[in-house]
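Q: The sequence shown begins at 1 in full-length UniProt numbering and counts up by one.
Be careful, since some hints might not be right.
[To be verified] Derived pair list, reagent style DMTMM-like, types lysine to aspartate or glutamate, alpha-carbon separation capped at 20 Å:
no. : residue 1 : residue 2
1   : Lys162    : Asp308
2   : Lys74     : Asp347
3   : Lys316    : Asp482
4   : Lys418    : Glu313
5   : Lys317    : Asp178
6   : Lys162    : Asp246
7   : Lys161    : Asp193
8   : Lys264    : Asp252
9   : Lys317    : Asp193
10  : Lys309    : Asp370
11  : Lys425    : Glu180
12  : Lys404    : Asp348
13  : Lys212    : Asp370
14  : Lys212    : Asp417
15  : Lys337    : Asp348
16  : Lys425    : Asp176
17  : Lys368    : Asp308
18  : Lys403    : Asp252
19  : Lys403    : Glu45
20  : Lys404    : Asp482
21  : Lys316    : Asp193
Source of the hints: derived by calculation from the structure; they are not laboratory data. Treat the numbers as computed from the prediction; the structure is a model and nothing was measured.
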Amino acid sequence: MTISGLLLVISSAWFYKFKIGKIYTVFAALLWALNLSTSFFFYKEHDIGFSSTIAETVINTNSSEAAGMLSYNKYYILFFIFMSLTYYLSVRWLSFYTSNKQGKYGLILLTGFLPLIFIDYYAIDKNQKNNLIATEHFFMGTPFYNASAMVRSLHDVRQIKKIANININYKYQKNDTDIETYILIIGESTRRDHMQIYGYQHRNTPNLVNQKNNILLFTQAISPAPVTLLSVPISLSNIQYEQLNDKSYYADNIISLANHAGFKTFWFSNQGKAGKSTSLISAIAHKSQNSRWQNTITYDEDLLPYLDKALQEKGKKLIVLHLYGSHEPACNRFPEKRLQHYSDNQDDNCYDSSIAYTDSIIGNIINKVDQQKASILYFSDHALQRIDNNGDIRYHHGVNKTKKEAYQIPLLIWYSDKINQQKRKVGNIDHPVSTANNYFLISDWLGIIHKEHKQICYSALRTCFNGNTPIRVLDGNKNILDYQQLPSEKNIILNAQSSK
Numbered sequence: 001m002t003i004s005g006l007l008l009v010i011s012s013a014w015f016y017k018f019k020i021g022k023i024y025t026v027f028a029a030l031l032w033a034l035n036l037s038t039s040f041f042f043y044k045e046h047d048i049g050f051s052s053t054i055a056e057t058v059i060n061t062n063s064s065e066a067a068g069m070l071s072y073n074k075y076y077i078l079f080f081i082f083m084s085l086t087y088y089l090s091v092r093w094l095s096f097y098t099s100n101k102q103g104k105y106g107l108i109l110l111t112g113f114l115p116l117i118f119i120d121y122y123a124i125d126k127n128q129k130n131n132l133i134a135t136e137h138f139f140m141g142t143p144f145y146n147a148s149a150m151v152r153s154l155h156d157v158r159q160i161k162k163i164a165n166i167n168i169n170y171k172y173q174k175n176d177t178d179i180e181t182y183i184l185i186i187g188e189s190t191r192r193d194h195m196q197i198y199g200y201q202h203r204n205t206p207n208l209v210n211q212k213n214n215i216l217l218f219t220q221a222i223s224p225a226p227v228t229l230l231s232v233p234i235s236l237s238n239i240q241y242e243q244l245n246d247k248s249y250y251a252d253n254i255i256s257l258a259n260h261a262g263f264k265t266f267w268f269s270n271q272g273k274a275g276k277s278t279s280l281i282s283a284i285a286h287k288s289q290n291s292r293w294q295n296t297i298t299y300d301e302d303l304l305p306y307l308d309k310a311l312q313e314k315g316k317k318l319i320v321l322h323l324y325g326s327h328e329p330a331c332n333r334f335p336e337k338r339l340q341h342y343s344d345n346q347d348d349n350c351y352d353s354s355i356a357y358t359d360s361i362i363g364n365i366i367n368k369v370d371q372q373k374a375s376i377l378y379f380s381d382h383a384l385q386r387i388d389n390n391g392d393i394r395y396h397h398g399v400n401k402t403k404k405e406a407y408q409i410p411l412l413i414w415y416s417d418k419i420n421q422q423k424r425k426v427g428n429i430d431h432p433v434s435t436a437n438n439y440f441l442i443s444d445w446l447g448i449i450h451k452e453h454k455q456i457c458y459s460a461l462r463t464c465f466n467g468n469t470p471i472r473v474l475d476g477n478k479n480i481l482d483y484q485q486l487p488s489e490k491n492i493i494l495n496a497q498s499s500k
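Take the sequences, apply the hints, and build the full model.
A: This is the structure we're talking about:
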């Protein structure tokens with residue numbers, strides 16, 4: 001990378017002498033600065049390299065989400081501008097001292113060096129390649145090394161598109177649940193310790209609290225991953241962590257299963273239209289018979305008209321609502337008039353108000369179906385870490401060196417009073433539960449009983465359920481971690497206070 005970078009600068013300095021070379025230098029400066037800025041941002045903010053998982057997130061980020069994230073990190077834009085100017089002005093300065101002979105030699109050496117990267121790839125032992133793609137390996141040897149992660153992500157996109165053509169041979173029996181309408185609500189970035197129904201000090205989930213007698217509440221639910229693009233597909237599919245690189249396993253998911261069992265299926269998303277055809281989430285969503293994405297991210301309540309229309313359909317139906325919940329910056333997730341002042345800290349108020357807003361939406365949905373044979377299953381894709389830097393509070397995705405709180409999410413099932421009391425299970429589930437096993441929980445909730453599966457007892461609706469331990473989770477780079485061994489925010493705060 002150092003050699004190719006040096007040769008690139010020398011050849012650029014010579015090439016700058018020509019008119020087209022100046023245009024080329026601007027282009028190279030922008031790419032070089034973008035690469036450095038990306039590395040600097042993820043190292044500084046998340047202590048992590050730019051990986052294929054992060055690249056997939058970038059590819060699937062919509063303009064509204066990007067604008068929100070940049071508003072939190074505007075100084076990195078200045079860094080990008082500074083580095084672009086540094087590269088451009090450096091090449092311009094060197095052009096005065098680079099002879100034609102030096103420039104031509106630099107260009108010849110550069111064009112000779114780059115093919116060596118490909119030769120090096122094919123010379124590597126197959127076991128050492130670790131499933132690297134040739135172009136992925138190539139970019140690792142250049143100043144634009146972060147492009148290797150983009151290459152890997154685009155390769156994964158091609159594999160994801162094949163999921164639509166895979167059929168699963170299901171073996172199950174259907175049980176009578178006395179439920180006609182199933183509503184699966186997937187929340188976003190919600191910490192359960194910031195919810196009143198879980199004992200939080202502020203009154204921000206009054207609707208759920210009022211329905212507690214109709215709710216099965218999971219008090220120790222753990223998300224499989226701290227980012228949406230990992231956690232949601234895993235939570236909805238029959239897949240193990242060791243199988244993640246084989247995208248075909250995601251073909252066995254809750255939507256495909258419900259379709260096979262004769263349900264009418266719907267998917268309504270407020271996660272934005274970007275990535276609609278490139279992510280695992282969209283591949284699963286497209287399996288539904290009816291799907292709709294908001295063109296841009298709006299307030300979650302804008303999904304309710306689609307829900308109203310779906311509720312008019314006769315027969316058993318599974319309706320999925322994918323909310324934007326409490327995604328940072330949280331104050332953008334609800335109308336300004338809905339901001340509540342629970343404390344003196346604005347970031348805490350924004351976050352807690354976003355949860356109150358989600359609670360109001362769930363309450364609205366309950367009011368729509370409480371006179372029907374209906375049930376709602378709600379869980380959040382992941383939580384957020386709360387970073388307290390001397391009173392400067394920020395809610396942040398846990399990508400690397402994650403804390404337990406980044407995985408601690410709400411999970412609950414609500415039942416209408418119209419459902420046979422014998423078919424309902426309410427109260428608390430105090431055993432640890434990983435939503436990596438949601439496939440089996442949701443299957444049982446739908447009355448689809450798998451017979452030939454060793455994981456059937458992972459469902460809390462089974463009499464054989466005894467908790468999911470030990471619980472494994474992923475970080476943002478798909479590294480498998482032992483959840484119990486992760487540090488807690490509380491311990492970090494206590495250690496910081498004791499060191500003062």
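Q: Decide, hint by hint, whether the structure agrees.
A: Hints, one by one, checked against the model:
1. Lys162 with Asp308: violated, 32 Å
2. Lys74 with Asp347: holds, 17 Å
3. Lys316 with Asp482: violated, 39 Å
4. Lys418 with Glu313: holds, 18 Å
5. Lys317 with Asp178: holds, 13 Å
6. Lys162 with Asp246: holds, 11 Å
7. Lys161 with Asp193: Not OK: Lys161 and Asp193 at ~37 Å, beyond 20 Å, violated.
8. Lys264 with Asp252: Status holds; Cα separation ~17 Å.
9. Lys317 with Asp193: violated, 32 Å
10. Lys309 with Asp370: holds, 16 Å
11. Lys425 with Glu180: This hinted pair holds, its Cα atoms lying about 16 Å apart.
12. Lys404 with Asp348: holds, 19 Å
13. Lys212 with Asp370: Since the Cα atoms of Lys212 and Asp370 sit roughly 14 Å apart, the hinted pair holds (cutoff 20 Å).
14. Lys212 with Asp417: holds, 12 Å
15. Lys337 with Asp348: With a Cα-Cα distance of about 16 Å, the restraint between Lys337 and Asp348 holds, given a limit of 20 Å.
16. Lys425 with Asp176: holds, 14 Å
17. Lys368 with Asp308: holds, 8 Å
18. Lys403 with Asp252: Violated - the C-alpha atoms of Asp252 and Lys403 are around 30 Å apart, more than 20 Å.
19. Lys403 with Glu45: holds, 15 Å
20. Lys404 with Asp482: The given pair, whose Cα atoms are some 10 Å apart, holds under the 20 Å limit.
21. Lys316 with Asp193: Violated, at roughly 34 Å.
The structure fails hints 1, 3, 7, 9, 18, 21 (numbered hints given earlier, in ascending order).
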